[in-house]
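Engineer: Please put together the full structure from these sequences, using the hints given.
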Amino acid sequence: MTLTPRALSLAGAASKRAIRLCSSSAASTVQFTSATVCGGSDDVRSKYIRLQLENENFLDIPLVWLRDHCRSAKNYNWETSQRKARAMKLFDIARLAAESESVMLDKRDETLKLRWSDESQSVFTWSELMRWSIEERWSQNNQERRGITLWDSDSLKDIPSVAAKNLDFPVFARLFARFGVASIAGVDSRNEKATKELCTSIGPIQGTFFGDFWTFANTSEVPGAERRHEDTAYSNEEIGPHTDGTYLDQTPGIQVFHCLKQATFGGDTILVDGFMVAEQFRKEFPKEFDLLRTVPLEHHYVERSKESNDGKLKIYSRSTSNPVIKLDKTGALYQIRSI
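With the first letter of the sequence shown counted as 1, position 289 gets the number 289 in UniProt numbering; the numbers rise by one all the way through.
Hint data in this document are derived by calculation from the structure and do not stem from the laboratory. Heads up, a few of these hints could be off.
[Unchecked claim] Quick list of in silico lysine-lysine cross-link-like pairs, DSBU-like style, CA-CA up to 35 angstroms:
#: 1; residue 1: 326; residue 2: 283
#: 2; residue 1: 74; residue 2: 113
#: 3; residue 1: 157; residue 2: 193
#: 4; residue 1: 287; residue 2: 196
#: 5; residue 1: 107; residue 2: 84
#: 6; residue 1: 165; residue 2: 261
#: 7; residue 1: 89; residue 2: 74
#: 8; residue 1: 287; residue 2: 157
#: 9; residue 1: 113; residue 2: 47
#: 10; residue 1: 84; residue 2: 74
#: 11; residue 1: 283; residue 2: 261
#: 12; residue 1: 107; residue 2: 157
#: 13; residue 1: 196; residue 2: 74
#: 14; residue 1: 107; residue 2: 329
Structural biologist: Spelled out as structure tokens, the structure:
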């Protein structure tokens, strides 16, 4: 059973925009020398903490942002990873206590400690403040550091594989995230429930108008096969490398294909690392790459079913307008919608 395609979502905190970094040359390992409350107005929206670095660089962090990101037990539920504070009260509670020690820069344990007017306390490590402040830009080295390996037929001779029996999920997850494809060996092809149970153990199944889990073939002679759809996948016609579900707003992140009966002739599966192709395309044809990144195209699926159990005509129509290539905010590949 093979799981594909590569569809990694490397999400970052949108709240990073709230921090103004005056120089991007600041290193990830830093030494702050002072922390000062700035902003002359009594309006909390204009107040911020200025963290001075050893050189002339500094970070300006709004008090509202710091309070919103407080991870104390009073303000944050670590079990659910959710804030306890209500957004409507955020500006009211983002006020520092009156005493002189409401802001403390602890150089020994490298933390910024804040005491608020409602007696709450916040502690931020210097490293996490810098991590939230500096947006990492895309590069080949950053990609490798994230654990992503791009491949072609020369560099990846065999599909990474794990055994279905006593599935080691952490091993599978690392392989799948790294290569974007993985094979799970030993799944019983005679038992459809075995395939579905394995899929649900990995993650929830996303339903479509095809169903959430289905068996199909290009002939009605195969037991359990679904009624034919007006889709090339249900025919003997060759299909080149592509991504499925391009017409869906939320395309499949993981797609599972389990061949229950091998074709007498043909039926070969061709796998391509779309991210590898896109990176080569970006390098060799930057202008054309930018077109595919910025110009939305109409992706659609239309089908008029000629048969239905209740004798009624069924029409399926789905479309969405999106560019072929999407990048995340660092410039790294996020998604590919094959034409």
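Engineer: Now tell me if each hint is right for this structure.
Structural biologist: Comparing the hints with the structure gives:
1. At most 35 angstroms may separate the alpha-carbon atoms for a hinted pair to count; residue 326 and residue 283 meet this at roughly 16 angstroms.
2. Simply put, residue 74 and residue 113 have alpha-carbon atoms about 15 angstroms apart, close enough for the 35 angstroms limit, and the pair holds.
3. Restraint check for residue 157 and residue 193: the C-alpha separation of about 31 angstroms stays at or below 35 angstroms, so the hint holds.
4. A hinted pair counts as satisfied when its Cα atoms are at most 35 angstroms apart, and residue 287 with residue 196 does not qualify at roughly 43 angstroms.
5. For the suggested pair residue 107 and residue 84, the alpha carbons sit about 29 angstroms apart, so the restraint of at most 35 angstroms is met.
6. Note on residue 165 and residue 261: the hinted pairing holds, with a Cα-Cα distance of about 21 angstroms set against a maximum of 35 angstroms.
7. Only pairs whose Cα atoms come within 35 angstroms are accepted, and residue 89 paired with residue 74 is accepted, the gap being roughly 15 angstroms.
8. Restraint check: the Cα-Cα separation between residue 287 and residue 157 comes to about 32 angstroms, which is no more than 35 angstroms; the hinted pair holds.
9. About 16 angstroms separates the Cα atoms of residue 113 and residue 47, which keeps this hinted pair within 35 angstroms; it holds.
10. At roughly 7 angstroms between alpha-carbon atoms, residue 84 and residue 74 fall within 35 angstroms of each other, so this suggested pair holds.
11. Restraint check: the Cα-Cα separation between residue 283 and residue 261 comes to about 41 angstroms, which exceeds 35 angstroms; the hinted pair is violated.
12. Distance restraint check for residue 107 and residue 157: the Cα-Cα separation of roughly 51 angstroms exceeds the 35 angstroms cut-off, and the hinted pair is therefore not satisfied.
13. With a CA separation close to 42 angstroms, the supplied pair residue 196 and residue 74 exceeds the 35 angstroms bound.
14. For the suggested pair residue 107 and residue 329, the alpha carbons sit about 32 angstroms apart, so the restraint of at most 35 angstroms is met.
Consistency with the previously given hints fails for numbers 4, 11, 12, 13, ordered from lowest to highest.
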